[in-house]
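Number of protein chains: 2
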Amino acid sequence: MQRALSVSRMSGNRSTFPEWYQAVVREAELAETSPVRGCMIIKPWGYGIWEELQRDLDRRIKETGHQNAYFPLFIPLSFFAKEAAHVEGFAKEMAVVTHHRLKALGGELVVDPDAALEEPLVVRPTSETIIGDAFQRWIKSYRDLPLLINQWANVVRWEMRTRLFLRTSEFLWQEGHTAHADVADARAETMRMLEVYRDFAETTLAMPVVAGEKPENERFPGAVATYSIEAMMQDGKALQAGTSHYLGQNFARAQNIRFQDAKGELEYCHTTSWGVSTRLIGGVVMTHGDDDGLRLPPAIAPRQVVICPILRDKPEDAEVLAYGESLAKALNGQTAFGERMRALLDTRAMRSADKRWDWVRRGAPIIVEAGPRDAASGQVVFLRRDALRDGDKVASQAMAQHAFIAEAPRILADIQSALYAEAKARLDDNIRSDIRSFEALADYFGAAADEDEGAPFRGWVRAPWSRPTGAALEAVDARLKGLKLSLRNIPLEQGGPGGDCLFTGAPAVEEVLIGRAY
Amino acid sequence: MQRALSVSRMSGNRSTFPEWYQAVVREAELAETSPVRGCMIIKPWGYGIWEELQRDLDRRIKETGHQNAYFPLFIPLSFFAKEAAHVEGFAKEMAVVTHHRLKALGGELVVDPDAALEEPLVVRPTSETIIGDAFQRWIKSYRDLPLLINQWANVVRWEMRTRLFLRTSEFLWQEGHTAHADVADARAETMRMLEVYRDFAETTLAMPVVAGEKPENERFPGAVATYSIEAMMQDGKALQAGTSHYLGQNFARAQNIRFQDAKGELEYCHTTSWGVSTRLIGGVVMTHGDDDGLRLPPAIAPRQVVICPILRDKPEDAEVLAYGESLAKALNGQTAFGERMRALLDTRAMRSADKRWDWVRRGAPIIVEAGPRDAASGQVVFLRRDALRDGDKVASQAMAQHAFIAEAPRILADIQSALYAEAKARLDDNIRSDIRSFEALADYFGAAADEDEGAPFRGWVRAPWSRPTGAALEAVDARLKGLKLSLRNIPLEQGGPGGDCLFTGAPAVEEVLIGRAY
Numbered sequence: 002m003q004r005a006l007s008v009s010r011m012s013g014n015r016s017t018f019p020e021w022y023q024a025v026v027r028e029a030e031l032a033e034t035s036p037v038r039g040c041m042i043i044k045p046w047g048y049g050i051w052e053e054l055q056r057d058l059d060r061r062i063k064e065t066g067h068q069n070a071y072f073p074l075f076i077p078l079s080f081f082a083k084e085a086a087h088v089e090g091f092a093k094e095m096a097v098v099t100h101h102r103l104k105a106l107g108g109e110l111v112v113d114p115d116a117a118l119e120e121p122l123v124v125r126p127t128s129e130t131i132i133g134d135a136f137q138r139w140i141k142s143y144r145d146l147p148l149l150i151n152q153w154a155n156v157v158r159w160e161m162r163t164r165l166f167l168r169t170s171e172f173l174w175q176e177g178h179t180a181h182a183d184v185a186d187a188r189a190e191t192m193r194m195l196e197v198y199r200d201f202a203e204t205t206l207a208m209p210v211v212a213g214e215k216p217e218n219e220r221f222p223g224a225v226a227t228y229s230i231e232a233m234m235q236d237g238k239a240l241q242a243g244t245s246h247y248l249g250q251n252f253a254r255a256q257n258i259r260f261q262d263a264k265g266e267l268e269y270c271h272t273t274s275w276g277v278s279t280r281l282i283g284g285v286v287m288t289h290g291d292d293d294g295l296r297l298p299p300a301i302a303p304r305q306v307v308i309c310p311i312l313r314d315k316p317e318d319a320e321v322l323a324y325g326e327s328l329a330k331a332l333n334g335q336t337a338f339g340e341r342m343r344a345l346l347d348t349r350a351m352r353s354a355d356k357r358w359d360w361v362r363r364g365a366p367i368i369v370e371a372g373p374r375d376a377a378s379g380q381v382v383f384l385r386r387d388a389l390r391d392g393d394k395v396a397s398q399a400m401a402q403h404a405f406i407a408e409a410p411r412i413l414a415d416i417q418s419a420l421y422a423e424a425k426a427r428l429d430d431n432i433r434s435d436i437r438s439f440e441a442l443a444d445y446f447g448a449a450a451d452e453d454e455g456a457p458f459r460g461w462v463r464a465p466w467s468r469p470t471g472a473a474l475e476a477v478d479a480r481l482k483g484l485k486l487s488l489r490n491i492p493l494e495q496g497g498p499g500g501d502c503l504f505t506g507a508p509a510v511e512e513v514l515i516g517r518a519y
Numbered sequence: 002m003q004r005a006l007s008v009s010r011m012s013g014n015r016s017t018f019p020e021w022y023q024a025v026v027r028e029a030e031l032a033e034t035s036p037v038r039g040c041m042i043i044k045p046w047g048y049g050i051w052e053e054l055q056r057d058l059d060r061r062i063k064e065t066g067h068q069n070a071y072f073p074l075f076i077p078l079s080f081f082a083k084e085a086a087h088v089e090g091f092a093k094e095m096a097v098v099t100h101h102r103l104k105a106l107g108g109e110l111v112v113d114p115d116a117a118l119e120e121p122l123v124v125r126p127t128s129e130t131i132i133g134d135a136f137q138r139w140i141k142s143y144r145d146l147p148l149l150i151n152q153w154a155n156v157v158r159w160e161m162r163t164r165l166f167l168r169t170s171e172f173l174w175q176e177g178h179t180a181h182a183d184v185a186d187a188r189a190e191t192m193r194m195l196e197v198y199r200d201f202a203e204t205t206l207a208m209p210v211v212a213g214e215k216p217e218n219e220r221f222p223g224a225v226a227t228y229s230i231e232a233m234m235q236d237g238k239a240l241q242a243g244t245s246h247y248l249g250q251n252f253a254r255a256q257n258i259r260f261q262d263a264k265g266e267l268e269y270c271h272t273t274s275w276g277v278s279t280r281l282i283g284g285v286v287m288t289h290g291d292d293d294g295l296r297l298p299p300a301i302a303p304r305q306v307v308i309c310p311i312l313r314d315k316p317e318d319a320e321v322l323a324y325g326e327s328l329a330k331a332l333n334g335q336t337a338f339g340e341r342m343r344a345l346l347d348t349r350a351m352r353s354a355d356k357r358w359d360w361v362r363r364g365a366p367i368i369v370e371a372g373p374r375d376a377a378s379g380q381v382v383f384l385r386r387d388a389l390r391d392g393d394k395v396a397s398q399a400m401a402q403h404a405f406i407a408e409a410p411r412i413l414a415d416i417q418s419a420l421y422a423e424a425k426a427r428l429d430d431n432i433r434s435d436i437r438s439f440e441a442l443a444d445y446f447g448a449a450a451d452e453d454e455g456a457p458f459r460g461w462v463r464a465p466w467s468r469p470t471g472a473a474l475e476a477v478d479a480r481l482k483g484l485k486l487s488l489r490n491i492p493l494e495q496g497g498p499g500g501d502c503l504f505t506g507a508p509a510v511e512e513v514l515i516g517r518a519y
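So the sequences go chain by chain: A and B.
Counting from 2, one number per residue, gives the positions in the first sequence under my numbering.
Counting from 2, one number per residue, gives the positions in the second sequence under my numbering.
Mixed in with the good hints there might be a few duds.
Identical copies go unnamed one by one, so any copy, or any two together, can satisfy a pair.
As the list claims (entries may be wrong) - No more than 20 Å apart at the CA atoms, straight line, and that leaves these computed lysine to any residue pairs for SDA-like:
#, residue 1, residue 2
1, 104, 117
2, 63, 52
3, 63, 340
4, 482, 472
None of these hints come from the bench; they were simulated from the model.
Required output: the full structure, derived from the provided sequences and hints.
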């Protein structure tokens, strides 16, 4: 069978998922590595997805009362020393600017030793400290609270082993930072943004997630509580797709973020932070991609309908192009997902079959192939990328032009739902909750301990536990690490804990999710 | 007379324009300095203006066939050595990353000397070299051309003397980078984007400009030709508000950007680049601001209509708020400048008079004050920010609610036109073209040589010149520098050159603009 992609997710019994992921990112032209270690180039199609995703999430962030602002790229080294747990947690792998000038020396360009900075500047790995410093100046009284700020920015965390979108030294993200008068308001904000992320992931990315609290050992450095949404990739691994942190008064104390309350007393604020990044694009690939390449949820597809004209260097070409243009124009006048539909007539000088497979690989939701007969008859022949195949054949459909134009928004909504339903079934069917001992857990995942050898699909385990802390939790974590597993989160939606802790044998207080993770 | 702002543009005969500018930026809450030398914090109102401006310009960039992408923040040092004129021109004031780790040492956090990078990384001052490297890989044949890429990003150029928005070490911008098969196509692109900038500045920012070519000594480092749009600020100085460069084959040769033409021969591409930055916000302030603060063109105002409810802690407050809400909702259902109108009900706990002056300072185009009587009678009392005063009084107007809702888009369009007309008259009235000798030029500007002493308003001079090059041009530049003047550009729209060159006495070939500049 002809495939659009050079690599499949499985080859025989062997998982080739990592190679498949790389092939999709490369062949759908989403991103590539750059000559700068660990930094990626996001190509136009990948960046277009980011723009759609950003537009939708930005609207949600504003609708919940936040305002965007922009803070410096650089943070003075001394700022990191203020919150001890914060700097510890970041493992100190950061890009450091030490000089501000180059000079020519013997025909070469070198760093000018006379231009050393008095204080080194760190390229922001996250902006709690520099934004906290502004909050400390901006907040005077309870009337200034809550202060609800978001930033879209690039951040850098030096990484030794990188994978496009999933782990890169530089990435793009949004980081929300808020300050509140009391714990209840700050905790409500933390949960509100977690819910914004959950709904955004499920509705816009068609990527079902489990929202829950991270165990203590997985908290953001300096946080009192960290929540995440976790998505299941097609190899069964978990992708932490977004986090929301209640920071208590830790950062406020470290940075003197105080307000005068209604009685005139000075109090420390309670702060939160929350973020999602370009990592989500990796999540979309691993949730929806198939052996033909990417399949994009229409809500974030830069082009929702692509029209490929079948041209033969003959006089009829003009008619075909005119037909394609009028179709694209009519579609662009329609509304889908509350925005103007995004249709494109692809006029590149390429064979039309190559063009079709190019858009299949890129994951355009609807691909129209228009030839002279279609132009003459006013017919639209199209593929749905979510249901490309009918056995060995490509499953094309035909509709009258006016019907297609009228129906296109509904078809796109259908594709969005179908992609979600498929991913949701995979998630629901692959969380085992019948494993009752650590030995059974080891047995279940054990055979697949070496991921590079082609692990069979295992999904996650949902198990009762006693919520150990401190050294007891460290011990649990170490045992799991031996199986290349980790605690993902404690789902917000809990059944009864039902039984004893898988790790400690003590009576369980809740259930925790366990899995392999990116 | 009560003023919304603490500083006027003039105090007696003395210009206080620089202090006034700072006061507007501060009191309209656009931006502030940060603890990081030369880096600014763009506050929500300032960032909101950037978002509106960005949305509009991004649409224009896409409509002319460009696609957005994202390239690394860091550029290997060796890349800068490739294009000699490029690195010379940048004066080498750049932020250099030399290390990738911090470590704790004796309770302090220091740069880890064991984590020096093999090759230092420069924080991008502009991305010609790193994007050129990608182009060199992406472009194989003439079928790949033109390649039309744009990037929205932060860039860093180390600056010793900074001024918010106008000159900061880090700023936000867009940079277009394109590659073409021949000189004609690349030159057409250069002029197309100059025209996009001109129309954007005049239509969206209501900021009239003169588009023209920069003289040789003001070219972008490595460019064959540089074009700019120049705007006249209210102190008469020029602000270079956008540039478009034809780079010839200089960067293509330095970076081996080649393509196979239709005959199978390898040729170097012709490239262009073009950009505008957050500096435009400074231009908007200095074009439209008045002694009460900022006046925003409605097309880029984050809030076009602000409703300030007059609340008195009485039962009527509920009615006033309901009235304000329904008014905001009705306005937000309207369309202005092709987008949904942006109205806000300001419910902050502040005295309503303070609220009014706050929005006057921020430059909201229409400010509605709604009290119990308005709610009862269905009347709308409002101020137009472009015509705030009637003598000593604030010039408020009243309309019936339904009429106001229906008329609001037209009033906003009116305000946009009025701001443009005012600035356009200032520009047109203040370009002198009757100065015929360098002595007369010196005399005209001379009395104002020291800008800090309160220069009288002088505007620009448009003078015939013989387009000297090389050493002769350097000499002209030096003489002008003595008067704190510079050649701004050679306007695209030329009359007859009329006479001899102001500088060389040789027959003039064209006219050049001369002025003081930011």
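Now the hints, each set against the structure:
| no. | hint | result |
| --- | --- | --- |
| 1 | 104 x 117 | both (13 Å within a copy, 19 Å between copies) |
| 2 | 63 x 52 | both (16 Å within a copy, 13 Å between copies) |
| 3 | 63 x 340 | both (17 Å within a copy, 17 Å between copies) |
| 4 | 482 x 472 | within (15 Å within a copy, 70 Å between copies) |
Going down the numbered hints, you'll see the structure goes against none, and every one checks out.
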